[in-house]
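Trainee: Letter by letter, the chains look like this.
Protein chains: 2
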Amino acid sequence: MENFSEWFHDILEKANITDSRYPIKGMAIWMPYGFQIRKYTLEVLKELMDQECDEVLFPMLIPEEELAKEGIHVKGFEDEVYWVTQGGQKELNEKLALRPTSETSMYPMYSLWIRSHIDLPIKYYQIVNTFRYETKHTRPLIRVREITTFKEAHTAHATKEECDEQVNTFVELYKDFFDYLGIPYLISKRPEWDKFPGADYTMAFDTIMPDGKTLQIGTVHNLGQTFAKTFDITFEDKDGEHKLVYQSCAGLSDRVIAAFIAVHGDEKGLKLPAIAAPDHITIIPILFKEGKEEVIAKCMELKELFEDAGLRVNIDDRDIRPGKKFFDWELKGTPLKLEIGPRDLKNNKTIAMRRDELEKIELDLDDSLLDKVLDLLEDYDDNLYETSWDFLEEHVKFTENIDEVKDLIESGNVVSFNWCGDEACGKAIEEETGYDILGIQEEITDSDAKCIHSGEPAKYVAIMAKTY
Amino acid sequence: MENFSEWFHDILEKANITDSRYPIKGMAIWMPYGFQIRKYTLEVLKELMDQECDEVLFPMLIPEEELAKEGIHVKGFEDEVYWVTQGGQKELNEKLALRPTSETSMYPMYSLWIRSHIDLPIKYYQIVNTFRYETKHTRPLIRVREITTFKEAHTAHATKEECDEQVNTFVELYKDFFDYLGIPYLISKRPEWDKFPGADYTMAFDTIMPDGKTLQIGTVHNLGQTFAKTFDITFEDKDGEHKLVYQSCAGLSDRVIAAFIAVHGDEKGLKLPAIAAPDHITIIPILFKEGKEEVIAKCMELKELFEDAGLRVNIDDRDIRPGKKFFDWELKGTPLKLEIGPRDLKNNKTIAMRRDELEKIELDLDDSLLDKVLDLLEDYDDNLYETSWDFLEEHVKFTENIDEVKDLIESGNVVSFNWCGDEACGKAIEEETGYDILGIQEEITDSDAKCIHSGEPAKYVAIMAKTY
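As they're listed, the protein sequences go chains A and B.
Each residue of the first sequence is one higher than the one before, counting from 12 in our numbering.
Each residue of the second sequence is one higher than the one before, counting from 12 in our numbering.
Heads up, a few of these hints could be off.
Which copy is meant is left open, because identical chains are indistinguishable; a pair holds if it fits in one copy or across any two.
Unchecked claim - Simulated crosslink set (PhoX-like; lysine-lysine; CA at most 25 Å straight-line): (1) Lys470 with Lys25; (2) Lys36 with Lys106; (3) Lys134 with Lys25; (4) Lys50 with Lys134; (5) Lys249 with Lys335.
Everything labelled a hint here was simulated from the structure, so no lab data went into it.
Could you build the full structure based on these sequences and the hints that come with them?
Mentor: Below you can see the structure in the form of structure tokens.
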């Protein structure tokens, strides 16, 4: 696509995903088709999360006193918090924040709930709306003022080791989640100056959008004991000693949906990963006066066959020409279309078309049909996955020359380079190039490598990009 | 139960449903077990709603200008709206309301979306959090400041007939929903002075709580063209004429969960309707050193058997004494418990216990087991349904003597009586008795009936109660 930004804006409205004409900037409506995509995406997420955490739901408002308790944390959010100051026609005694994230809502309760080592670990998650008073340019699903879908997990542990382990577990869980959706990712440890306010360190997932800019799609934070100290979250250990817990948290949002829309889409519209598609298969009957009932009956029969196998199936029997139906479902990204007309029926055939390849595939209407359809869906998903990972890998360029960074990034790449790890040096690199260091991808053990800027022995491979 | 109010407060905390210690009055946390109950309740609701409407999601904030547009409506809410006035450290140009309900958030968009008769009907619903600055005494799930689970459906139609029909459809749908949960209800048309602000009329569902007070658990409003006029929602009809749409809306909330907790519960705890229970069956292994592995293996085998039949099953293998486990699951209201020890295994038996009857039922561990368990669950649900309907019917007392009203209500009943339908007379009845007229249940065709207060010919049977 030539202009990704325009394409993205258009596709959201045309495919009935969101409507941004709501009279508050940065707040959009999830339309019916988009809501279904969101629903199936959340089903995948919940199934993964439920293996690890219990789902809960905390209030949306946070008293100013709680939000303000953790100084580093509040500093990170004070410019973006919406405040409720009035109830009815009265001024409230205490301002209430619309949650920007829920550490300060949840941890005072953790302090009440955790008494002894037998109460640990606590692992809770919730999927909620959160709010950020964004002053930057907003963009649906990507930079919004109401994040309608914010999944946040918050854990507390008796030992540092368990907490570190939890961080790794969340990273693996996020990998699985993105893999299901065919979203490729770069994992990095955010630089000190870009970690979550209050965290010991932050592990982040970024994908590369079609225009070469990266989009942060998930983060996992090791909070150490910072919040435990602030909110007095202690437990009595086996030996009777009172100790602070160790905590982790992990978040992702609507951006995941933006990511799979962006990385898989093309000029004709969406290509939805099957697991998130409202319909896996759209059946399009080709109707003439003659043989109409037989065609409809066959469509119904196939729908039942596929649904019994767990597939989501839609018959598009609108009274419009088939060409328009094809156009619509290519726009909406249904993975597989099946076309059946009276002639097909006579020949005992149906014409299948995968959304990625758009080639006609003749299938026999016999006992082999279900397996062939399942194969086509699997191949389709595999192809989305491989194509998008290929794109990502082609767009990460290693360089040893800092002068090349600008050109590489401006031509749509993420740049990786060797770095000494020194904070002042890192900030100098950002200043010199004008881009952000996303983080470090790996440690370097090869002692010959030199930092791209300082020339000192490199400790890390870092990545740098233009970011959303 | 002797003191319902105390019982209700205690059970929410003890059964891990909600925690009310959150530092804002009227806002509570959904704890893991409660969250599961909420989840399964919503699954039932969504399955019903999806047959009728498309699910969408609107922003939580409403600009003051939109909220204020419909005068009657805003008048009904102005004392209970929370206002956001600050973003970051800045005063906002326009105040934003936390939605108390979403008419004024949705209808400006309906005005954009509806152009022609082919765009109609529109039938959308959403499940969201809404806010009311309650000044009355708050009570978890019943009277709260954040309604965490508000289901609201909003429809627009080309004709009055279609809209009236929609109201009836929603009433039928709500009946089905409450029937699944075994919640008995009184349906009435709210009096003019108690209808939804902006509605032509309001149909309401109330249940009777154990203390005899009624709880409103669902409402369906026929909005006529009031909001269509205010928000300019018009369409071009087949004949080229521009016309206003007719609208309906229908809402229910967390109160549904409060209702089934209250109407089914007893001194030992919850009795959850099977459809909303996190586990249909809890298997309790009775473990001794000898035969331990065999018992566990049999429990696993039964779990698989039941799960394959679509049941939710939990094995309580905690290392505590069985008596404590029985106590816990009676408190948490699991519909059916199965107990298996080494002796049972040798005799090829298991002991079942329904939560409602608490009697030991010996079942053979053979091919008949699944059917017997399914029968027990069905009987259990039927019994909850019948017992709760019996309670409701026993507690609606008809009287022709206004002097009896107070005693009847104070001894835990709802009173029904003949009424002339005159508003001044209705308000006089409320004033004289000190209770609320819930609404009219039916029209009277028998011309001999006289109004309980005015003595004029009665037009309606009305009901009156002490309300939550």
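Trainee: Any of the earlier hints contradicted here, and which numbers?
Mentor: Hint check: 1 fails alone, others pass.
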